[in-house]
Structures are given as C-alpha cells and as structure tokens.
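Protein chains in written order, with this note's numbering: chain F, 1 to 234; chain X, 1 to 356; chain E, 1 to 287; chain R, 1 to 392.
Fair warning: there could be bad hints in the mix.
Claimed, not checked - With a cut-off of at most 20 Å between alpha-carbon atoms, the simulated SDA-like pairs for lysine to any residue come out as follows:
#1 R:Lys221 - E:Ser3
#2 F:Lys107 - E:Thr159
#3 E:Lys158 - F:Pro93
#4 R:Lys128 - R:Gln342
#5 X:Lys214 - X:Arg198
#6 F:Lys56 - E:Leu255
#7 R:Lys211 - E:Tyr87
#8 R:Lys272 - E:Met55
#9 E:Lys158 - F:Gln99
#10 R:Lys211 - E:Phe140
#11 R:Lys211 - E:Ile144
#12 R:Lys221 - E:Ala143
#13 R:Lys125 - X:Arg198
#14 R:Lys184 - X:Val147
#15 R:Lys128 - X:Ala173
#16 E:Lys158 - F:Thr96
#17 R:Lys125 - X:Glu172
#18 R:Lys77 - R:Lys334
#19 E:Lys158 - F:Arg98
#20 R:Lys221 - R:Val200
#21 X:Lys10 - X:Val22
As the list claims (entries may be wrong) - To give a feel for the contact side, a few chain R residues facing chain E, derived at Cβ under 8 Å:
#22 Glu50
#23 Lys159
#24 Ala163
#25 Glu204
#26 Pro207
#27 Gly209
#28 Glu212
#29 Pro215
#30 Lys242
#31 Asp246
#32 Leu247
#33 Ala267
#34 Phe268
#35 Gly269
#36 Cys391
Because the hints were derived from the structure by calculation, they are not lab data.
The structure presented is a predicted model; accordingly, all values stated were derived computationally and were not measured.
Glycine included, each C-beta is placed from N, C-alpha and C at the ideal position.
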Amino acid sequence: MDKPVLELDGISAGYGTGLVLQDLSLTVDRGEVLGIMGRNGVGKSTLLKTLMGLLKVRSGRLTFSGHDLTNAPSYRVAAAGVGYVPQGREVFPDFTIRQNLIMGNLKARNDDIDAAMDLFPVLRERARATGGSLSGGQQQQLAIARALIGRPALLVLDEPSEGIQPSIVREIGTTLKQVSAEKGMTIMLVEQNMDMITQCCDRVVFLEGGRIATSVPAAQLLESPALLNKYMAF
Amino acid sequence: MIRTALSHMKTESLVAGILLVVLLLLPLGASSWLLSDLSIYFSYALFAASLAFVWGHCGLLCLGQAVFFGLGAYAMSLVTLGMVPGVEGMVSTWLGFAAAIAVPALAAQLLGRFLFHAQGLQGAFFGIVTLAVAFIVERLFINWDFVGGLNGLMNVPPIVLGLNGDGYELWEAVPLYYAALFVLVLGFSVLAALMRSRWGLALKAVASHEMRTKSLGYDTAHYKTTAFSIGAAIAGLAGALFVVQFGFVSPSLIGFGLSAEVLIWVALGGRGMLVAACAGAILVRVLESNLSSVFGDTWLLLLGGLFIVSVMFLPRGLVGEAIHGLDRWRAKRRKGGSTPRGKAVERLSPSEYTAR
Amino acid sequence: MSSVATIVLDASNYALILLLIALGLAIIFGLMNVINLAHGEFLMLGAYTVLSIQMAGGPFWLGLIAAPLAVGLFGLVIEEVVIRRVYHRVLDTILATWGLSLLLKQSIVLVFGPGSHSIEDPISASVMIFGAPYPAYRLFIMAISLLVVTATFLFFFKTRIGLAARGVIANRNMAACLGINTRNLDRMTFSLGAALAGLAGAVIAPLISLDPHLGLGYLVPAFLAILVGGLGSIMAPVVGAAGVGVTENLAATFLSPVYAQLIVFITAVLVIRLAPGGLLGKKRRQT
Amino acid sequence: MTSITRRKFLGSAAAVAGGIAASSSLSLPALASGGTIKVGAVLPFSGGLELYGNQARLGLDLAVSEINGGGGILGEKIEVLYEDNKTDPKTSVERATSLIRRDEVLALTGPITSNARDAMAPTIKRMKTPLLYATNYEGGACSREVFCFNTVPNQELEKLVPALKKEAGDSFYMFGADYVWPQKMFETAKSLVESEGGTVAGVEFTPWGVKEFAPVIRRIKESGAKVLLFALPGADGITFIKQAEDLGLLEDVTVGFLGFAETYLGAFGEGKAQNMWVAVPFAESLQTPGAQKFVQKIRAQAGSDVPVSHYVMTHYNALMAVKDALEKAGAVDKDALMDSMQGLTISTPTGPAEIGAVDHHVTMNMYLAKTEGAGLSVVEDLGSIVPEAGCS
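Put together the whole structure using the sequences plus the hints.
Structure, rendered in structure tokens:
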C-alpha cells in the first residue's frame, strides 16, 4: 500500500474567532471512498472548506500527495489534484454547460469535455443551456463532471444528494462508484443519505465536537444502528 | 469578551483623562498662538470624533462628513449674522449652536431615511453615494447667492455670552481656548456615553452583522439613521465651533476636500476609538502647520505614504495602535500580579479586525 | 442649434471617452472587488507618459503605445505592494487607493512641476461630416475606444482566460476551488485595468491641458457610470458610460455645464439608491 | 532659504514639545524677531494654483533681496515667511492666524483666490494687520487693512472691450468659471459693451473640473458672436482654448482673455492660441527700460526661462510699497504702515503707481497686448487707469 494520499494532522479551523474543527486528524488512503457523517454543525463542511483552503488553518498540518498544503490558496489545492463539489453545487448560472465544464479545466480539450458528458448524458443533451436553467439534480451532475474534468486524484463532495430526487441520487452514486473503480480515484463524501453512503463508500468516519469520533468500514454501518443513533440522531 | 472590552475601555478612558488634564493645564505655560491654534484644532478634533463614531462604531464609511460640518457652520453663521428670514433680530450665539446641531441632524435624518430604508445601501455604495452628495451640496452652495456663493459669508461674530448677541465676546486666546475645549469635551462625552450605552451596543451589532441583527428583530435602518443623525449633529457642532473662531464660512467647508481630510485624520489617529481620532486630528494639524514648510513639496508625499501604510498595516491607526499597545501592556502587568483579570486582548491581523 | 449630427458626434465622443476610462475601473472592481480611487491618477500617468516621450522628442504614436505598457507595469507593482494587502477589505481599498492618488499627484508635481503642459495634436485635420467639419482626432478617439472595448469584450467572451475571469466575478471562491489561479488573475486584472487607464490617458492627452489634478474630472463621471451601469457585469459600463456621458453632454448642450453636472450627480445618486445593482447589474455574491 | 527652514524647524520642534510637555517658555518667535521686519506670505504652493504662488514668490524674493541689499528699511532687514495655503480658504486663515500670532508679522501678503482673501478678512480685521493683496480680482475688498496692488474689472475691461469691438465686431459672448470674479467681470463688461453700442450674445458659466467643452463651444459658435470674453483660469481654461481651437471656434471669434498671465503661454504650444487679446499691468515683452530691467533681474535670480507675468510685478510692488511707506512714516508698526500707505505714490517697473487714499486700490499703467507667436506682444500703452474699486 502507498502512503496515504491525504493526511490531516491536528487541524484546528473555524470562522471568525470560534473554532469548529479542533485538533482533527485524519488520513485517507489512495483509491479509498471515504464517507464523512455527523450531525449538523459538527464540522463536516468546515472540514472540506478547510481542505480546499477556503478557511484558514489555525494550527496543524495538511498534506496531500506529499505536498504540504497547509493554508495554501484554493487554486493550489485544486491544482495539486483535489476536485471539489461544494454544498449547493455552485455552478455558474450564466455560463453554458460547456463553459461550466471548461471552468473545471481551462486546458480541457474537446475529448475531455466529451468524456465528461459521457458520464452524465443529460449534460450533452442540454450542452447549450445555461447552468442556471438546469434542475437541481442536473446541476449536481454538472458540478461533479466539472470537478472530474480536471482529473483530480481526490474528489471531495459536500452532500451531493441534498434536495435531489432519489433516482438521480442513485445515478450519481453509480457514477462515483464507477469513476473510483475505473480510475482509482480517491473520494471523500460528506453525506447524510444512508443509501448513498452504503452504495459508494468503503469506510465511514463520524465527526463529533470538531474531531473524528470513530471510523468504521461502510459495510459495518448497516449492521450497527447503535452507531448511527449515537452520532446521527438528535 | 465583555471583560476584555471593559479593560480596553479603561485604557482608552485613562488616556483621554490624562490628555484632558494636560490640555486643562496647558494655558499655564503655552504661548497664546499655540492656544489659539489648539482651540481651532479642537473643532477639527470634535469633527473627527463624529466621523469615528459614524465610521468606526457604526460601520458607516461616510465620505461626505464635511457636509454636516459645513451645514453646522452655515447655520451658526446665518443665525449670528441675522440672516435667517423672518427673525433677523435673533442673533444669539446659543440659538446658533442649537441651529448648528439641529440642521445637520435633520439633513442626516432625511438622507439616512432615503439611503437606509427598505433594501438600504451598504458599505462601499454608501460611501460612494455620500461622496456624490458632498459634491452636490458643495455645488449647490457655490450657486446659492444668498449664502455668498463661492466666497461664502464673512465676518461671522465670535461667541457672545449674552442671550441675544450682546455681552462679553469670546475672543481672547485663553477664554476661547477653554470654551473650545469645553465644547469638545461635551461633544466627546455625549458620543462616548452613547457608545457605551445599550443602544450603542446594538449599533455595534448592526455594524458587524446587520443581517443577523435584523433577524433578531432590530429595525437596523432606524438604528443607522439615528446614528448617522447623531454623528451629523456632532459634526455640525464642530462646524459651529469652527466658524465662531474663523469668522467665515464658505463652500470649501462643506465639500469633498474637507471630507477627505477628516478621513485622513481619523484613519491615521484610529477609527475605532474616539480619543484616538481626536488625537489624530490634532496631531496631523500640529505637524502640518509646523512641518509642511520644512518638508515643502514632500509633505503631501509623506502624508499620503503614511496614510497608505496605516491603512495596510495599522487599521487601528497610529494613536489607536499606541493605546492598544498600552492596553496590552497593562493587561499583562495585571496578569503578572496576583489577580488575573482574563486574558490579554488578543492581537488581530488587519483583516480580522475589519471583519469584525 | 447645432446640427443633430454634430450633437450626436459630440455626445458619443464624450461617452466613448468615459467608456474607455470606466472600462478599466469596472474590470478592477468587478473582478477584484477593489474600488480604485487612484484610477484617475493612472489616467494622468498615461498622459504624462506621452508628455515625457514628447519632451524627449519622440512622436505621439510612440507615447500611445508606451503609455498602456508603462501604466500596466506600474499597476502590477502597485498590486503587489499595496492592493494585495487590502483584498477582502472593500472599504480599505477605497482608503488605500485614495492615499495612492495623493501620492501620485504629488510625485507628478515634484517631477513635472505643478503647471500645465500641452500635447500637440497628432492629427490636426478635420473631416467633413454631414457638411460640417469635425476634428479627425476626435473620430480617431472614438475608433480607438470602440476598438479597445470590442477587444476587451472578445477577450472576456471568447477566450478561456476571459471565461475564467468572468467565473471569478461570478463566484470567486468556487473559481479558485476549480484551480483558477486567482492570484495571477488578480495581478493580470489590476495591470490590465491600469493599462486601460494609461491608454485612455494617452488618448485624451491632446484634448486637454495636462496638470497633476486632471484625474478627478474624469474619475467622478466614470465612477458614476459604472455604478449606474451596475457592477457584476462587463456589459454594465457600456450602458453606464452611455447614460452618464450622453446625459451630461446633452444637458450641457441644452442647459448649461453647471446644471449638467448637478443633473448627472443627482440622477446617479437616485439610480444607485433605487437600483443598487445598477441598471444592468445583478446581485453580487457576498464572499 | 536655509535659515528660514532652520528657524521653522526649531519653531515646530518647540511647538511639538510645547504641546506634549506644556513647557512654560516658548520665547523662540520673540527672539527671532529682533531687528527683522517680517511679512507673511499666504500663497498656494499646492492644491492647484501653485503656478500663481510661485510667480508671486519670484517678485517677493526679488523685493527682499533689493531692500536688504540697499540697507533694509530704517536699518532693519526684511524677511518674507512663506506659508502654503493649499489653494484652500480654511488653510489660508489658519496660516494667516499663526503668522500673525506666532511669527508676529508686520503685514501679510497673498493669497491668490478671492474666497481665500474673503476668508482671511475677519481675521486680519480683528488682528489689525495690513493685507497686501496683489492679485487681480472682482473689487469690493475695502477696509482699513486691505491694500490691493493688482487690477479690478474696470482696469482690465475699460479699454479692452472697445479695442475688441473695433478689432473683431460688436457681438460679445462671455464664458467663465462659476464664481464671483468672472461674474463681476462680466457685469462690468456687459455695461461697457452696451454703452459702446455692442450686443451681448450670451453669458455662461461652468463649474471647475469640466473636461469636455464641446457643447459650450458649439453654442458659442451658433450664437454668431465675434468676441469671446473668457474668464476661466487655470488648467480648465487651457483645456477650453485647446478644444475651441480644434473645433474651429477660434477662427470665428476673437478671444479677450481675462486674468491672463504669461504662465499660460507654455501650455498652449507653439503657434496655438494666437490673437488672444488681454489688458495687463505688465507684460514680459514690454519694451520699456524699467520693464526689461525688471525681467532681467527676475531671471538673473530665478533662471532664464521663467515666465515673468504681472503677478511677479504686483507682488514686488506690494513689498516695495511697504518699504516706502515705513520710511515715510519713520516707524515700524502696523498702524504706521497702514496710515502711510494711503495715498502713497510708489515707483514701479512700469512707472509711478498711486495707492488710493480712500479705496486702497492702485492707479497704474495698463497695456493692451495680444498673443502672437510664442509670446505676448504689446499693442498699445493704455496709460494709467483709475480703479473702480467697488467700495460703497
């Protein structure tokens, strides 16, 4: 086995003066699909934002593929090979689908764009439509395709199933699974949707109080509702 | 937080107190020209305090604060020159002060309602609009012959202690100095008291998180309008204090130029503390009046450079940073003693400071 | 009354000059969220670049090329030294660039003296348009402005860097998370905006008297133009400059320059207040 | 220069120290005043009108070196303390106040703009300090303390208007900056034009800072006026003339340039802005021995390429008048100066000039001139013109 692709070592981060992540440590192995779960407000999105350089790391160290990315600007994180699908998709509403995809990789050639559209055929059908005119599910697919077009080594997704009809959630899950299998891509998936988690993930970590509370193989999750009760129920 | 804020306040008050004692004792030793320079600077200091209140405390970067200073000066002049239509016989200085406070406050009230109500203007937009307003008002006064056009009004009387323009004229350096100092302290105290009140706390909240405060049920537009008016009233008072000493008022007091100048004083002194802003105004004026001939053409270069550096690295301002440093030193000393009084005020990077 | 053609030409000429100036301002504001109050001084630097070349005996046309390059380079330095440190503090960018404008004005006074200078007309001929002579240089300015504006539009709408830049306007953080090098883009943007100001300064130099205070007279209407037009869009300055330029020019033609200025200011304040996004603007993301 | 600087520096150091330590003895200014007559000059050296400030300074400097070279006034040296008013009325008052109070000057000279002078008026009145104002202005500044050494509207216009009417035609358009000097100039001009049987085709004002004059130029063109009386000083004026030239206005009208000074000439460029008519109390190209000697002396002191406009001469005259007046009075104090200046006749580079006994304005020689080639060429010696100071 290689060295872990991502290492978070004692990370503290948050908004303003308050800390949301407190001394959080986590390693992700190459090719792994990792689910991240926890109640609202435990710091799941904060974790991804910190990883992406959108929030300042107050202490600790963040290493990705051997590069120290602690407090690196977002574009360097992306350039190092991290693809990001944020909560709420954040597609560019005025850009066409094609333009949105190019934003994912300014050097993308036509076959790269074709390949991205192959993953989600609906994008090809509406290639000239603007991002804002798509449905929530379509936007989600676009956001994922956009992240993938940069050929990331690590794809991080923030609640991709949120507000999307189940059939599309399943389609997305399948695609993620497929991408991970075919390209050996590492994926971090923040999710509340159990179906999505069990469909895709190899391992799941639960966050509580700004740090990793426990880590279990995804398969074990279905068998232990106690775990879910402990970390998910209100 | 509250405790640190309190200890912070204390250093500020301490500095203000020491300065006040020094200023009170100054006429014992200083020459009359220094006193008369200073009494003029007191009106600038009060003006700076009004901007520090509006900008530093309420988060409203007003690029046209001189409008209110000028309105106050014009109001005072029109009254004491007996030019108010219908009541030409009323030339009382006291009435003049009242008008100099009321007119700008009213103007700010109207402007504030227009700018803040409903989906009001924020941040930079507010700044730019106030800048445009300063241009417009200056233009209007230049074209308004009744108030003397570009040349303005001359021979405005000094403060007269009698009820209607009769009695003792405040013109000698020392009495004038104490009168000006009194007005400064009065205006300063009003602002300081407001800032410390619950209402002031709510304003601070509006300034740092308007949306959040709004959702808590505060009518933020109303808060901002009122604060804006109070700032304007104090600026007007400063304008009146200015005009009774200078004896003239002209559109140059009402427009962009003076608005920009006061911004420099406050930014260099410190926007977050009244006393820092006042000290900044006095300091810049004293230095300029004495050093500009030494440095000649490079004086403006120096001032511009200092201004940029202070914006980039010292958002608290030069005086503000000094007071803050003193505060930390005091906190440390207290901590070193037997009774720890909470942790020292944390050091903030410029961006975090403004983000608050 | 002047012939309609002349009035239209005069008004378009002024609107196009404003557009050339507002464009750089709008790009810097739109992409970087920086309110550049030193833009008028960048304009002045452009004009003084032409003057320096004229004083050294070089032709105007060399100055026209040198001005955007010199001012663009200067913008790059300023971005690195000053602007970079006040990002995310919109109000402080106003203050810092305003300090910069003081500094630049005074530097020009020290180097070139406080007095007025004059740039010789590069083209002194007149062209007959609808039976009335019109200075050829004014037509040239209109052509340059149209050309530059078109080029800017092609850049933003037809190239991938332009796309990336528009992406940054729309959603800075997301663009950065997709690997757009916002740092380089900021450098490029500020430099480009400065270069456009430099070019504008060079172009208008023969029309006016060069003095260290020339910037303000253009900065203010250009500012109103982009605020009226709206911020989050590259199209907006076109609408704004046309609106402000034509209004001011027509009011000056049919009323008087004094009223023209007042009308423009008051209209602008009303538009900014009633439609804070501008006529064309959209709500910007607060990032 | 160096000595002034050092003195200033000491003063300022003392001021700062005084402010901080409240030290008791600040006698430096008093010490420095022994044996020197001090005159404060409140002039713009930044903020837009630096050119005029610098011109004024040339004349004052020359007067100082001539007076001191000739043994001073009643045995005392004279010194001019320059203060920059930033072209701003408020700063002018501050500077004037500290010159009077701190430096205990005998008299003040400057400023340039009317609004700065009006702003200073209450101060100098209260402090009973004479003001030697040497810039052309609209008239009406009349008080015991104020003495005006440059022209008022009638001196500039009385002969200029008929000359232009004869030269170009009888329809006049008037365009100027939107403030009191152009307004008063045009009032006077209007009555002159009408009494000469001419017509006024239009009067118009513009705010400062306007850069595009095409609309105004078109309107002047349309009016069919033959003469343009022009009162827009500074950079805006140059911009207007440039654009008027480009848009062909200067082919149709003859310009009467009010408030002209040779400092403009460099800014128009070779062969531009020709045939603009002016009436001035002094011109660099004036071919009289007195005038040429004056230009030579200024250039010997300040460099061979400086323009020497009437502002240089009027400020020089003002300081020379102080010498004459004090010597006549035989005493150095403010009241003696003011008393003795009334009705005084001084000799100037353009001949004798008389300070009005009542109105304190100067009757002096005026010259009709026009721009030609790269300079101003004198057309006619108009003789001395009595000012209508507008004192009520």
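- Item | Hints breached by this structure | Hints 6, 7, 12, 13, 23, 24 and 36 contradicted; others consistent.
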